[in-house]
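Participant: So the chains spell out like this:
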Amino acid sequence: MRKWAGTLLALWVIAVALIVGFFYSQGSADLRGQDRQPIAFSHQRHAGELQINCLFCHRGADISPAASIPPVYVCMMCHRSLKAQTPETQKLLTYWNNKEPIPWVRLQRLPEFVRFTHQMHLNAGFKCTDCHGQVAQMTSTPRAATFEMGWCIRCHQRNGASKDCFTCHY
Amino acid sequence: MVEYRDQNAPPGGPYRWGMVIDLDRCTGCEACVVACHAENNIRISGEEEASKGRAVNWIRIERYWEGEYPNAQVKFMPVLCQHCGSAPCEPVCPVYASYHTPDGLNAQVYNRCVGVRYCGNNCPYTVRYFNWFEPHWDEPLNEQLNPDVTVRSVGVMEKCTFCVQRIRGAQQTAQKEGRRVKDGEVTPACVQSCPTEALVFGDRNDPNSRVSRLSKDDRGFGLLEELGTEPSITYLKRIK
Amino acid sequence: MDLKRRDFLKVLGATAAGSLLPGCAGETKKLIPYLLPDEEIVPGVANWYASVCRECEAGCGILVRVMEGRARKVEGNPTHPVNRGKLCARGQASLQGLYNPDRLQGPLQREGARGEGRFKPISWEDGMSRWVSELEKHPGGAVLISRPVPGTLARLFSTFIKEISGRLLFYHPSAERALAAANHRSFGIDLLPEYDLANTTYLLSFGAPFLSDWLSPVHYGFAYGRMRQGRPTVRGRFIQVEPRLSLTAASADRWVPIRPGTEGLLAVGIGQVILQEGRARLAKGDRGRFEKFYSAFSLDQIAAETEVPREGIIRLARGFSEAAAPLAIGGGSAAAQTNGTNTLMAINALNLLVGNLGAPGGIRFLQPVEGFHSAQAHPVSEQALLDLRGFFKKQKRSVLMLYQSNPLYALPSSTRFREVFEDAAFVVSFNSFMDESTALADLILPDHFFLESWGDFLNEGIVPTAGLAQPVVIPRYDTRPVGDLFLSVAKRIGGRMEERLPWIDFRTMLREQWKTFLARRERDKSFEAAWVERLQQGGWWGPEGRLVSVSRRALPDAVEPARFEGDPKEYPFYLSLFESMGLHGGEGANRPWLQELPDPMTSVVWGSWVEINPKTAREYGIQEREIVRVISPYGEIEASVIYFPGNRPDLISIPLGQGHTAYGRYAKGRGVNPLTLLAPMIDPLSGTLATGATRVRIERTGRRGRPVLVDQTGEGTRRHPEGKKGET
Numbered sequence: 001m002r003k004w005a006g007t008l009l010a011l012w013v014i015a016v017a018l019i020v021g022f023f024y025s026q027g028s029a030d031l032r033g034q035d036r037q038p039i040a041f042s043h044q045r046h047a048g049e050l051q052i053n054c055l056f057c058h059r060g061a062d063i064s065p066a067a068s069i070p071p072v073y074v075c076m077m078c079h080r081s082l083k084a085q086t087p088e089t090q091k092l093l094t095y096w097n098n099k100e101p102i103p104w105v106r107l108q109r110l111p112e113f114v115r116f117t118h119q120m121h122l123n124a125g126f127k128c129t130d131c132h133g134q135v136a137q138m139t140s141t142p143r144a145a146t147f148e149m150g151w152c153i154r155c156h157q158r159n160g161a162s163k164d165c166f167t168c169h170y
Numbered sequence: 001m002v003e004y005r006d007q008n009a010p011p012g013g014p015y016r017w018g019m020v021i022d023l024d025r026c027t028g029c030e031a032c033v034v035a036c037h038a039e040n041n042i043r044i045s046g047e048e049e050a051s052k053g054r055a056v057n058w059i060r061i062e063r064y065w066e067g068e069y070p071n072a073q074v075k076f077m078p079v080l081c082q083h084c085g086s087a088p089c090e091p092v093c094p095v096y097a098s099y100h101t102p103d104g105l106n107a108q109v110y111n112r113c114v115g116v117r118y119c120g121n122n123c124p125y126t127v128r129y130f131n132w133f134e135p136h137w138d139e140p141l142n143e144q145l146n147p148d149v150t151v152r153s154v155g156v157m158e159k160c161t162f163c164v165q166r167i168r169g170a171q172q173t174a175q176k177e178g179r180r181v182k183d184g185e186v187t188p189a190c191v192q193s194c195p196t197e198a199l200v201f202g203d204r205n206d207p208n209s210r211v212s213r214l215s216k217d218d219r220g221f222g223l224l225e226e227l228g229t230e231p232s233i234t235y236l237k238r239i240k
Numbered sequence: 001m002d003l004k005r006r007d008f009l010k011v012l013g014a015t016a017a018g019s020l021l022p023g024c025a026g027e028t029k030k031l032i033p034y035l036l037p038d039e040e041i042v043p044g045v046a047n048w049y050a051s052v053c054r055e056c057e058a059g060c061g062i063l064v065r066v067m068e069g070r071a072r073k074v075e076g077n078p079t080h081p082v083n084r085g086k087l088c089a090r091g092q093a094s095l096q097g098l099y100n101p102d103r104l105q106g107p108l109q110r111e112g113a114r115g116e117g118r119f120k121p122i123s124w125e126d127g128m129s130r131w132v133s134e135l136e137k138h139p140g141g142a143v144l145i146s147r148p149v150p151g152t153l154a155r156l157f158s159t160f161i162k163e164i165s166g167r168l169l170f171y172h173p174s175a176e177r178a179l180a181a182a183n184h185r186s187f188g189i190d191l192l193p194e195y196d197l198a199n200t201t202y203l204l205s206f207g208a209p210f211l212s213d214w215l216s217p218v219h220y221g222f223a224y225g226r227m228r229q230g231r232p233t234v235r236g237r238f239i240q241v242e243p244r245l246s247l248t249a250a251s252a253d254r255w256v257p258i259r260p261g262t263e264g265l266l267a268v269g270i271g272q273v274i275l276q277e278g279r280a281r282l283a284k285g286d287r288g289r290f291e292k293f294y295s296a297f298s299l300d301q302i303a304a305e306t307e308v309p310r311e312g313i314i315r316l317a318r319g320f321s322e323a324a325a326p327l328a329i330g331g332g333s334a335a336a337q338t339n340g341t342n343t344l345m346a347i348n349a350l351n352l353l354v355g356n357l358g359a360p361g362g363i364r365f366l367q368p369v370e371g372f373h374s375a376q377a378h379p380v381s382e383q384a385l386l387d388l389r390g391f392f393k394k395q396k397r398s399v400l401m402l403y404q405s406n407p408l409y410a411l412p413s414s415t416r417f418r419e420v421f422e423d424a425a426f427v428v429s430f431n432s433f434m435d436e437s438t439a440l441a442d443l444i445l446p447d448h449f450f451l452e453s454w455g456d457f458l459n460e461g462i463v464p465t466a467g468l469a470q471p472v473v474i475p476r477y478d479t480r481p482v483g484d485l486f487l488s489v490a491k492r493i494g495g496r497m498e499e500r501l502p503w504i505d506f507r508t509m510l511r512e513q514w515k516t517f518l519a520r521r522e523r524d525k526s527f528e529a530a531w532v533e534r535l536q537q538g539g540w541w542g543p544e545g546r547l548v549s550v551s552r553r554a555l556p557d558a559v560e561p562a563r564f565e566g567d568p569k570e571y572p573f574y575l576s577l578f579e580s581m582g583l584h585g586g587e588g589a590n591r592p593w594l595q596e597l598p599d600p601m602t603s604v605v606w607g608s609w610v611e612i613n614p615k616t617a618r619e620y621g622i623q624e625r626e627i628v629r630v631i632s633p634y635g636e637i638e639a640s641v642i643y644f645p646g647n648r649p650d651l652i653s654i655p656l657g658q659g660h661t662a663y664g665r666y667a668k669g670r671g672v673n674p675l676t677l678l679a680p681m682i683d684p685l686s687g688t689l690a691t692g693a694t695r696v697r698i699e700r701t702g703r704r705g706r707p708v709l710v711d712q713t714g715e716g717t718r719r720h721p722e723g724k725k726g727e728t
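Residue numbers (our numbering), protein chains in the order written: chain B, 1 to 170; chain A, 1 to 240; chain H, 1 to 728.
Mixed in with the good hints there might be a few duds.
Claimed, not checked - Here are a few chain B residues that sit away from chain H, every Cβ distance over 10 Å (derived from the structure): (1) Phe41; (2) Gly133; (3) Ile153; (4) His156.
As the list claims (entries may be wrong) - Quick list of the computed label-pair ranges, beta carbon to beta carbon: (5) A:Trp132 x B:Leu82: 53 to 59 Å; (6) H:Glu311 x A:Lys240: 16 to 22 Å; (7) H:Thr159 x B:Met77: 47 to 53 Å; (8) B:Leu50 x H:Glu125: 46 to 52 Å; (9) B:Leu82 x H:Ile474: 30 to 36 Å; (10) B:Pro111 x A:Tyr118: 22 to 28 Å; (11) H:Gln536 x B:Phe116: 30 to 36 Å.
Said to hold, decoys possible - Listed next, the in silico DSSO-like pairs over lysine-lysine satisfying Cα-Cα at most 27 Å (straight line): (12) H:Lys120 x H:Lys668; (13) A:Lys176 x B:Lys163; (14) H:Lys615 x A:Lys75; (15) H:Lys73 x A:Lys182; (16) A:Lys176 x B:Lys127; (17) H:Lys515 x H:Lys162; (18) A:Lys75 x A:Lys240; (19) B:Lys163 x A:Lys182; (20) A:Lys75 x A:Lys216; (21) A:Lys52 x A:Lys75.
The hints are simulated quantities; they were obtained by calculation from the structure and are not laboratory data.
All residues carry an ideal CB built from backbone N, CA and C; glycine is no exception.
Use the sequences and the hints to build the structure in full.
Facilitator: Listed below in structure tokens is the structure:
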């Protein structure tokens with residue numbers, strides 16, 4: 001009986017660890033967000049086929065810590081002159097006509113105690129794809145990297161950038 | 001395009017940030033105190049917590065009363081983290097949350113801190129503050145919070161950073177232009193607000209900076225320097 | 001955890017309203033981009049807007065750091081001649097006014113009896129109609145009590161009130177009316193002076209709290225720093241004469257604890273010695289007059305009255321007259337007596353004796369910025385407010401309007417100013433907070449906060465400037481600019497009123513004023529270009545202002561002893577009320593940063609206290625922190641005792657600013673308002689309330705209080721014997 005109890009306890013611990021671990025990995029990779037976007041926007045279509053520069057939409061990337069999400073207005077710069085509409089572009093028009101912002105679900109996230117600036121990294125000669133992957137070939141955009149500290153540090157090390165904690169944590 | 005990769009290694013060698021506080025100018029007006037609260041997302045403690053000694057002031061005005069009426073006198077002294085060159089708080093941290101940066105700052109890494117408070121106990125200046133509770137702002141007071149600074153959560157130690165967010169901002173600008181940060185280009189919030197210009201901030205590795213020149217003044221001394229802490233702040237004695 | 005830093009960066013302000021979802025975990029997972037990009041706004045990058053601080057009456061230039069549509073930090077405007085990039089604690093805390101959780105969020109109408117404190121929201125249309133119909137019902141009975149708003153708003157108010165034959169009173173408790181009255185009488189000038197502290201070598205201050213709350217504290221703080229350490233070989237000497245060792249006195253080289261109300265006599269004594277020792281630098285024509293005046297006093301008698309020994313007076317006189325650039329200033333406690341104006345005139349006379357008018361390190365009167373003639377806002381004295389009691393009794397049916405003014409808190413209850421509210425047929429408040437006076441209003445039409453408003457500020461006294469204020473954030477609530485309200489009523493009234501106030505809104509009126517003004521100043525630029533430039537810079541200031549010549553060199557008519565209310569046998573103590581560093585006269589009490597700002601002298605936060613000389617306290621057997629009852633012929637208060645070695649043994653001092661019965665969650669019901677102790681004593685020459693003219697006694701309660709001291713050792717005014725430094 002006691003032997004059984006020990007095994008059960010061990011199994012229980014493992015099960016809990018697996019469940020927690022599963023949710024943790026899910027959370028950290030933000031995979032859940034994939035099909036939750038209000039509009040099925042495709043980077044492959046825009047950045048790939050149409051070859052729109054990243055900075056055309058993410059205008060803050062080279063001048064601000066935040067790359068920024070484009071305002072609906074930026075979408076409409078092209079979409080207002082499109083003749084054919086799909087169900088998805090109809091959704092965009094609805095937001096525009098209702099003067100509502102699009103509630104995109106965030107996929108790329110860093111913990112709040114990290115100070116990251118896009119501007120610095122672009123100024124240092126990095127390309128968007130270095131961290132975000134070949135977005136031009138993705139219909140949806142999962143994290144291309146873990147965005148965990150080890151990953152940051154390895155790159156900082158390779159490139160001779162500061163490895164001081166107080167560079168990113170304050 | 002940046003001209004050098006490590007912002008802490010500019011041409012001409014590293015920075016060593018420091019401050020001079022002229023007690024002959026300080027009037028105890030506390031503009032620095034509120035400026036610091038506004039800049040660094042310092043929580044509001046409230047009467048109850050303050051009465052337990054849990055109020056947070058990264059910079060505070062100490063007062064020293066001397067003599068009896070009619071010869072009573074008060075002297076003020078702004079006290080903040082001295083960013084010691086040999087900091088008593090650093091070696092006692094079991095997780096290296098408290099450590100020294102290459103540019104002479106005594107840093108507290110919040111995400112590393114486990115809240116043992118050894119550093120606070122070992123600090124002779126009592127300028128380290130523990131978060132005894134989760135910070136809270138009655139809405140919409142939180143809309144003022146500075147997005148460049150982490151809101152510290154319950155259980156971690158916090159202290160003056162010399163407004164590192166401003167230093168890093170200035171360093172990045174300088175890095176982009178391939179030069180060093182110029183004297184006076186970066187000022188912590190307390191220095192910026194000080195009406196009497198009692199506080200001066202700058203690079204102590206630059207012999208021509210105002211800080212370097214002022215710290216050679218005959219009136220200069222380091223707070224509790226006899227402990228061997230090698231503070232980065234030079235006080236200039238009040239004349240009386 | 002409400003808001004995380006990353007959320008700030010990633011979650012961007014929604015829609016044209018610029019307001020943001022208050023970040024709670026669920027919502028911040030969504031990224032809300034701007035609907036329309038604002039060319040100026042890059043998320044994550046701060047924009048800076050120039051404006052004018054309105055937290056006190058100094059009018060410092062400010063720069064506000066705005067990110068994602070929200071104001072994050074206020075800094076001094078480095079180019080502004082008043083504060084040169086510096087800013088005080090109160091200015092820093094203006095953000096907690098803007099984002100105060102207890103701001104009035106829209107128009108309200110009284111429910112139930114007046115003063116019951118029940119209000120219900122109404123629409124702006126209904127609110128405006130009610131206000132207009134009350135104005136029309138009571139022609140000639142309208143009274144507007146406004147905080148001094150020197151600039152376009154003052155012009156709007158005065159034009160409007162004149163057209164409806166009403167009364168306009170600009171009032172602020174810290175307006176230093178006695179100083180204005182004294183300068184008028186001494187020099188024939190109706191301007192506040194600029195004291196050139198930076199170049200002074202010997203500053204003799206009679207009670208002027210210029211390092212905490214007097215006139216323009218940041219301006220004088222800046223000058224003080226230069227006076228002490230700004231010159232390579234000269235360090236200005238500084239003597240402070242006052243009964244209580246104030247924050248300002250703490251910085252002095254010497255503190256002279258004088259008997260309250262005798263400051264003028266001391267000034268006369270000093271003047272007498274200067275004349276007798278032949279050190280006066282007087283014009284020939286003045287000498288005889290001055291000698292006659294000063295010879296009427298006996299130095300020994302002055303020494304006895306002031307309790308400053310004869311040798312001390314002589315030493316002060318020599319130090320002052322031998323200095324290269326001496327300067328005497330007076331205010332604060334010296335002006336807070338029934339003889340305040342004469343005292344200040346006697347102090348002015350010291351400056352005449354050493355001939356420092358217009359000299360470096362002396363007193364200068366500068367011509368205000370010209371071109372805004374009709375926009376002055378001279379503050380009135382307390383007496384003028386009290387005269388309203390008779391007016392309201394006679395009128396019976398009057399409309400009382402309040403703009404950024406809280407007279408019910410600022411005036412002692414003994415003045416019976418409440419009668420004005422009781423006799424008024426209708427009370428309208430435009431205030432942003434539910435303060436004591438607004439709580440008695442029938443209708444509340446809240447103004448925008450100053451950081452949400454257009455405006456300008458003419459700095460008359462210190463340095464001639466015309467500050468220009470623009471909204472730095474989009475108004476948060478359903479409030480409306482008070483200027484727009486008055487202009488729209490002008491339209492409804494029509495006729496001559498509309499002719500004189502034809503502008504569609506206040507911004508247009510402001511622009512029009514500046515158009516005329518800038519047309520003369522910047523001829524080579526188009527108005528649009530000049531306007532944008534002024535907005536960016538935060539106003540207009542020219543080169544050093546022109547000096548106004550002094551037409552009169554008068555001596556006080558009399559230097560009579562101050563009068564006090566209360567028999568010295570029954571009420572053995574003098575009373576000194578002082579403005580605390582953060583709260584000032586009480587306006588700062590609803591800002592948590594200021595409530596939690598330790599009093600520099602005692603380290604007390606979040607409450608009131610009573611300061612007593614430790615020796616006196618021990619005589620009464622009063623322990624530190626014990627609750628003591630302070631009783632005057634007019635009222636009593638209870639608060640904890642802090643031993644204060646900087647008080648005369650016959651002086652009780654209490655900070656102002658607490659004891660609100662309204663004014664939001666941080667202020668209401670906290671501490672005591674010592675103004676309730678005061679007798680309605682007035683300095684007759686200036687009409688100023690003499691806050692130092694009431695005597696008090698103290699009683700033990702035996703109860704122990706709980707004042708919160710944030711000093712590291714919890715001792716506050718603790719002693720540090722020689723040779724023992726640092727923490728004990």
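Participant: Confirm or reject each hint.
Facilitator: Now for the hints, and whether the structure bears them out:
no.	hint	in the structure
1	Phe41	holds, 12 Å
2	Gly133	holds, 19 Å
3	Ile153	holds, 19 Å
4	His156	holds, 20 Å
5	A:Trp132 x B:Leu82: 53 to 59 Å	holds, 58 Å
6	H:Glu311 x A:Lys240: 16 to 22 Å	holds, 21 Å
7	H:Thr159 x B:Met77: 47 to 53 Å	holds, 48 Å
8	B:Leu50 x H:Glu125: 46 to 52 Å	holds, 51 Å
9	B:Leu82 x H:Ile474: 30 to 36 Å	holds, 33 Å
10	B:Pro111 x A:Tyr118: 22 to 28 Å	holds, 25 Å
11	H:Gln536 x B:Phe116: 30 to 36 Å	holds, 31 Å
12	H:Lys120 x H:Lys668	holds, 21 Å
13	A:Lys176 x B:Lys163	holds, 18 Å
14	H:Lys615 x A:Lys75	holds, 21 Å
15	H:Lys73 x A:Lys182	holds, 23 Å
16	A:Lys176 x B:Lys127	holds, 17 Å
17	H:Lys515 x H:Lys162	holds, 24 Å
18	A:Lys75 x A:Lys240	holds, 10 Å
19	B:Lys163 x A:Lys182	holds, 23 Å
20	A:Lys75 x A:Lys216	holds, 22 Å
21	A:Lys52 x A:Lys75	holds, 26 Å
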